[in-house]
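Asks: Heads up: the sequence lines are chains A and B, in that order.
To convert, note that position 121 of the first sequence is 121 in this note's numbering; the numbers rise steadily by one, no gaps.
Adding 202 to a residue's 1-based position in the second sequence gives its number in this note's numbering.
Keep in mind that a hint or two might mislead.
[As the list claims (entries may be wrong)] According to the in silico footprint, chain A covers these stretches of chain B (three or more CB under 8 Å from chain A):
1) 545-557
2) 565-573
[Unchecked claim] DSBU-like, lysine-lysine: derived pairs with alpha carbons at most 35 Å apart:
3) K533(B) to K443(B)
4) K83(A) to K533(B)
5) K83(A) to K454(B)
[To be verified] Partial list, derived from the structure: chain B residues whose beta carbon lies under 8 Å from chain A:
6) C516
7) H536
8) N539
9) A540
10) A541
Because the hints were derived from the structure by calculation, they are not lab data.
Even for Gly, the Cβ is constructed at its ideal location relative to N, Cα and C.
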Amino acid sequence: MNGATLASLRPDLALIAGHVRPGARVLDIGCGDGTLLAALEAERGCDARGLEIDPANVAHCVARGLSVIQGDADTDLGYYPDKSFDYAILSQTLQTTRRPDLALGELLRIAAHGFVSFPNFAHWRVRASLAFGGRMPVTKLLPERWYDTPNIHHLTIDDFRALVKEQGWTIEGQWFLNRGRPTRPANANLWAEHAVFLLRGG
Amino acid sequence: MEASAPTNDGLFGLNRRTILPEPLMLDGGTVLDQVEIAYETYGTLNADRSNAVLVCHATSGDQFVASRHPITGKPGWWSRSVGPGKPIDTDRHFVVCANVLGSCMGTTGPASLASDSQPYALRFPVITIRDMVRAQMGLLDLLGIERLHAVVGGSMGGMQALSLAAFWPGRVDRVMVIAATAAMPAQNIAFQEVGRQAIMADPNWQGGNYYGTGAAPDAGLAVARMAAHITYLSEESMHEKFGRRLQDRASKTFGFDADFQVESYLRHQGASFTGRFDANSYLYITKAMSYFDLTEEHGGRLADVFAGTKSRFCLVSFDSDWLYPTRESRKIAHALNAAGAPVSFVELSAPYGHDSFLLDVPELDRVIAGFVG
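With the rest of the complex left out, here is chain A (with noise of 0.2 Å):
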C-alpha cells in the first residue's frame, strides 16, 4: 500500500534500511514523509514507528498506515524507555538539533544500534566554496542559504569520530557517499559528501 522499495529510496536510506536486522524494531527519528518507515515495514517485516516535527508530514505518515508522533527530537527522546527499540535512525537530522550530543545521547539509550547519517562538511567541494569563494557553501547536499538552512551545527566525518571517542561510542559500521553512489573510506573526510554510520551505546 507504501509503495516503497529499497531501491527507490535515498541513497543513505537505503544503506540504513539495507542493513537493519529483518524484524527489529525501529525508531526514525525525524521520519519526514515516512518513506524509509514505508520500506522498513514492507520490505524487512520491521516494528517501525517514526517521530516527526512537522505536523502536515505526520499527518501525510498516519494517511498512510504508518505508525508516527509528532515530537521533536531534542525534547522527547526522554519520554522511551531504555532500549525500547533495536535500531534508532538519525537520518539527516543531527545537524539540526539543537545538542547534537545529547540527542546521540538519547539515540544510543533508547535503542541498541543507531544509525546516524549526515552531510560532511569537510568534502572538498565545501572546502573549495569555502576557501576561493569566501562565502557559506551553497551545494546540492547542502542547498540551503547560511540564514535560512536548518543545519545549524555543521559537522564533518572527523568531527564525528572525535566525539564518539569522545563518549566512548562505538562504530559498529560506517559508508560513505558520493553523488548517490558508495565511495572509498580513504580520506573519507575530503571525498565523501555523505556518511552513514551505526553506533553502539557505550
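Go by the hints and put chain B onto chain A.
Replies: Same frame as chain A, but now just chain B:
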C-alpha cells in the same frame, strides 16, 4: 455463528431502539435493568462481521451522527466525516452510533421511566464513561459484533474510545481519539461544576423533579451551555467571528440587552440547547466526565492501563484547543509507546478551538481516512 449478514433486520438502520437483555452492573455499585439504547447504523455489516466502526458522541451529541436531527432538523453532527465516500466510508464500513447512557435522545437516562412508571430524575444512578461504554458493548453483543474494526470519538467520545480500548482490549483493532484526555484536568472539572451549579440554582430545577410540572430549569441549562460553549471556541475564532461588533444596533443601549454579537450568539446557543436537551442528563453526563480517570485503577501509570494491548491507536489534538490541549494527547501517545502499542499522534493546526474536530479541517479528514482505512 452464522456466516451470513444479520438475521434480525429490525436491529439495523436509522432511528433504532432496543432493550439490553442483561442488566448493567455500574461502576457506582448499582445495577440498572431494562436499559434501552437508541442508536443508528449506516452501511452494511459484512459476512464475517469485521467492518464495524463504532462512533462515540460528545457531551451534547447523539446517535444522529450522519442523519437529520429529529428536533433541530439539522444535518447529522458529523455528517462531514461519516457517509458514503467520506473519511469514515459507509460504503465499506458498517457504522454504529448510539446515544450514551444517561442522555436524553432515547437511551435510558434520568428522564426515562423507572419501574414505578415515574421518571428516574435524581434516582438515576451516577454513571461513568466506562458505564456508557458498557451499554454500547451490550448493543454490540446484540448486533453480533464481537470485534470492532475501529472505534472513533472526539472529546467525550474520545474518552469512551480510550475506555473501550483499556477495558475491552480484545474488542477493537483501531482506536482513534480526537481532542480528548485520559484523565479530566481540574480546569475542565471546574467548568463543568459551573454548569451543574447553574442548573441546580434554577428554582425550576426543583431538586431534579421537574418532569411533568410544566416548568424546567431552562435558564440554568442555558447558562451551563453558554459557559461550556465558550470553552469549545478559541479566543482567535471568537475575535474573528464577533470582535466587538454590536448586534442589530448602531450603538450601545446602556442596558443589559445583548448589545454585542457575541452575547447574542451565546444566548442563542443557550436557548436552542434547552429545546433539545434534558437538564438532568447534562448533570449526569458532565459528572461522568469529571470522574473520568483511566489511571485510577493503575496507580496513576497510564502505560500500565494499556499493557499488552493489541490495538493500534491514533491521537489527534488541535493547536487552538485549550480545553483538551495537546499535552493531554501527547501524554497518552507516549504512554502507549511505552506500552509497546503502535501509536500515531498529531497536533493539527486549526483556528476553531476544541470544536475543530467537528469543523472543516481537511488534514483531519486525511488522518481519519488513512487511519480507519
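Asks: Run every hint past the structure and note whether it holds.
Replies: Consistency of the hints with the structure:
With 7 residues having a Cβ less than 8 Å from any Cβ of chain A, the segment 545-557 of chain B passes the three-residue criterion, so the hint holds. Counting residues of the segment 565-573 of chain B whose CB falls under 8 Å from any CB of chain A gives 6; the rule of at least 3 is met. A C-alpha spacing of about 32 Å is found between K533(B) and K443(B), which places the hinted pair at or below 35 Å, so the restraint holds. Between K83(A) and K533(B), the direct Cα distance comes to roughly 20 Å. Compliance with the 35 Å bound is thereby established for this hinted pair.
Proximity of K83(A) to K454(B) is assessed by CA-CA distance (about 65 Å); at most 35 Å being required, the pair is judged violated. Using the Cβ-Cβ criterion of 8 Å, the hint placing C516(B) at the interface with chain A is satisfied: the shortest such distance is roughly 6 Å. At about 4 Å, the closest approach between the beta carbon of H536(B) and any beta carbon in chain A falls short of 8 Å, and the interface hint on this residue holds. At its closest, the beta carbon of N539(B) sits 7 Å from a beta carbon of chain A; the interface hint therefore holds under the 8 Å criterion.
The closest approach between the C-beta of A540(B) and any C-beta of chain A is roughly 6 Å, which is under the 8 Å cut-off, so the hint is satisfied. Hint on A541(B) is violated. Least Cβ distance to chain A is approximately 10 Å, over the 8 Å limit.
Comparing the model with each earlier hint shows violations of hints 5, 10; every other hint is respected.
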